[in-house]
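S.K.: Assemble the complex: chain A is given as a structure, and chain B with the ligands must be docked to it using the hints.
Sequence lines, in order, name chains A and B.
226 is the number that this note's numbering gives the last residue of the first sequence; the numbers go up by one with no jumps.
1589 is the number that this note's numbering gives the last residue of the second sequence; the numbers go up by one with no jumps.
Treat the hints as calculated values from the structure; they're not laboratory data.
Incorrect hints may appear among the rest.
What the hints assert, rightly or not - Listed next, the in silico DSSO-like pairs over lysine-lysine satisfying Cα-Cα at most 30 Å (straight line): (1) B/Lys1193 with A/Lys192; (2) B/Lys1581 with A/Lys192; (3) A/Lys188 with B/Lys1423; (4) A/Lys213 with B/Lys1500; (5) B/Lys1581 with B/Lys1154; (6) B/Lys1193 with A/Lys213.
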Amino acid sequence: MVDIARRDVLTMAGAVGVGVAIPVSSAAAEAPPAAARSYQFFDLNEVAFIEAFVDHLIPADDLTPSGTELGISIYIDRQLAGAWGRGARMYLLGPWAAGTAQQGYQLPLPPADLYRCAIRAVEAHCAAVHGASFDRLQPAQRQQIVQALSEGRLPLQEVPAQAFFDMAYANVMEGLFADPIYGGNKNKQGWKLVGFPGVIAAHAENIEHFRGKPYPVEPLGIADLS
Amino acid sequence: MTTKLKEVDVVIVGMGWTGGIMAKELSDAGLTVVGLERGAPRSDAGFSVPMIRDELRYAVRNELFMDVSRDTLTFRNKPAERALPMRRLGSFLPGEGVGGAGVHWNGQTYRLSPHDHALRSRVEGRYGKSFIPQDMQLADWPMSYAELEPYYDKFEYVAGISGKAGNIAGRIQEGGNPFEGPRAREYPNPPLKPSLASEMFTETTNKLGYHPFPRPAANMSRPYTNPDGIQLGECQYCGFCENFGCEANAKASPHITVIPAALRNKNFSLKPYAWVTRVNLAPDGKRATGVSYTSVLTGEEFEQPASLVILCAYGFGNVHLMLLSGIGKPYDPVSDTGTVGKGYCYQVATVVQAFFDDRNFNPFMGAGSLGVVIDDFNGDNFDHGPVGYIGGASIYSASLGGRPINQRAVPPGTPRWGTEWKKATARWYNHTLQMSVQGSNMASRYNYLDLDPTYRNAFGLPLMRMTYNFTDNDEKLSAHLTTVAHDIARAMGPTHLGPKTPRRAPYSIVPYQSTHNTGGAIAGHDPGKSALNRYLQSWDVPNVFVMGANAFPHNSGYNPTGAVGALTYWAADAIRTKYLKDPGPLLHT
Ligand SMILES: Cc1cc2nc3c(=O)[nH]c(=O)nc-3n(C[C@H](O)[C@H](O)[C@H](O)COP(=O)(O)OP(=O)(O)OC[C@H]3O[C@@H](n4cnc5c(N)ncnc54)[C@H](O)[C@@H]3O)c2cc1C
Ligand code: SF4
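Next comes chain A alone, as it looks inside the complex (with noise of 0.2 Å):
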């Protein structure tokens, strides 16, 4: 990874007006194009925080790219910027009350206004108790952020912690495996990962052939066969 943190990047691509079609680490021989890079919904101090918080759940190691090169930060970003992000297919009317966890999300928020104020009410948390920002924290540190949001034990301001951290979490898993047109599972990694054969499926007779036996396919997705 390039040392100066993200945030930096972006502010200096953005002051010479150039999007910021930045190489990110050595993996950059395959980097989309500029404007699959580019964030539509997240400004620079959220981008600062989904691609820490991404890369924090899924580091770069011997088995894939950070979460950040796979795209999972970008998938996040498009789908808060689109329909699902504007809370289509939810039901938003009120009246509002908190209710117990068994009758589920009860916030008057779609999904892109609960990032925004999550993100905004992480960072004043790690402001307030580590005196940086989240992306800034130590591993230890962030690690012990991101235990305490799964286990909804994180005091945010305006909004739970839970909710928050649940669609998240969510949201980098969708970003890992869904079909690499949405912008995460960057060359179908996520997919070869677990040995996952993609959109290729008429396997009437490979349950019998392979029926025990491994299946070592390369994977295909949808862009590889419109």
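M.R.: Chain B with the ligands in isolation, oriented as in the chain A frame:
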């Protein structure tokens, strides 16, 4: 302004399995029939590869299901709580659009056991009246298994079920379910090919002395032409089955079977995008005059007069329309009077996972119904005296698919993220065996449906309110049968065994459990205790018939649609052979 349309003989509300079957049967009888469906038409092109193989779009963002931004229900665990809207889909996924949930179902197609059809008598006879918990509303079904058998048979042949009979006319068949009621003949198609998980489950349950059989499947094991001349393709074990439409036309679904068969009749017409808002009643409230609907494309309102109204809007939609229209008396749990909304039941389901170092399951090679089942602990196939609860479960291995957003597991103790999580995910994805326990659920006094006093849908109408919780009986059942399943998994000798997590109260509407919602407008012998008579005819408004699992007096340890299909053919037959000759109540009280 409302446009009044020309009167027809029959108006059907909803075009899933029940609506499609009714459309076919009643238009065959020469009646003029209009089918109204709130959702979109379906075209084959919509389900083509590669676009249909999109887990995010169909299985996560729920493209084919009911859109809860327009209409949803409110939920609470008990009457003392305030019900709040189900703001997103979760626990169940009702369908929307031509074909209904039959487009995106799994196709696991069972008959209920003969005990299920006479449950109260059976329990009282074997265990005594005092065995029944105080608030449990246990009832016999108003039709016997034997009466329904020809209609189960009919549905199985229309839907091309792949399976192995266990009991043909009283003779037990090798390899089938020995506990099932007698059937007239074999399934129309042989069972699907087994997966490795199926084979392991079969071997182990045989060793343990149980009676495994292949799960009856609406996924075609071979190309099939049904009795209506409709052709279905061969299942490709594509693993994109439940939540998706079938690219291979190999999953029996109403939009490719009964609905096109009905459309061959010029006297049947289908109107999509037509949202029915009420059933209109004559001033005396004893006769329906038709329905009102709104075009969701233009907002225009229409009145469709009809001599006969058939509600096929899924259990929830049916009960909702009955409550909105004043058909029957709403159920009140405090006084235990009224019938509409009574007897809402669900499924007490759990999952068991086992991890095998040295076995490649290739989970992505699967089908919506692929698996092996034991019925040794279902219905009343075992002695309930020692376990002290009523009901049972089908216990089965499931090879449905390996879609990686939703269908992946890691052994207990694995962290939820980071390199260790990734390692475990890569390590175990292909090495996990899935089993399920699908438990029955008995009606209980405080589990019911009514209209919400606060929240409204896009048409300005009150949402339906669900009050529902698991009972002591459910917890006992789940503790016992999840242990049985866990023991089966252990006997297979896995490297790691997943946790044992029986269902406990409170029920949560958040995680998906099943779209097997039953009751709410149950059928019975007594108009004081049931909304419908044994032909699924409203006791109160006899030119209204109500199809669907809402008619079940309890939910059994099976998926419901085999019985839903059978009940619909049974009711259609009663309409054709009895009602049309002498329109009015088919049974007098
Ligand atoms: C993911 C999934 C998997 C399933 N798997 C199985 C399985 O393996 N085995 C099994 O037995 N069952 C299964 N089911 C359940 C099965 O799909 C249903 O039992 C069955 O399809 C119900 O048929 P129906 O005709 O009663 O209702 P539906 O198919 O729901 O049809 C009702 C129709 O009415 C329409 N409608 C509702 N309200 C109105 C209104 N006001 N105006 C106009 N139209 C309206 C709806 O849009 C819908 O199209 C599954 C369900 C789901 C969602
Ligand atoms: S598993 Fe079979 S029936 Fe199901 S969608 Fe795939 S091909 Fe169709």
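S.K.: Need the list of violated hint numbers for this structure, in ascending order.
M.R.: Hint 2 is the one this structure does not satisfy, whereas the remaining hints hold.
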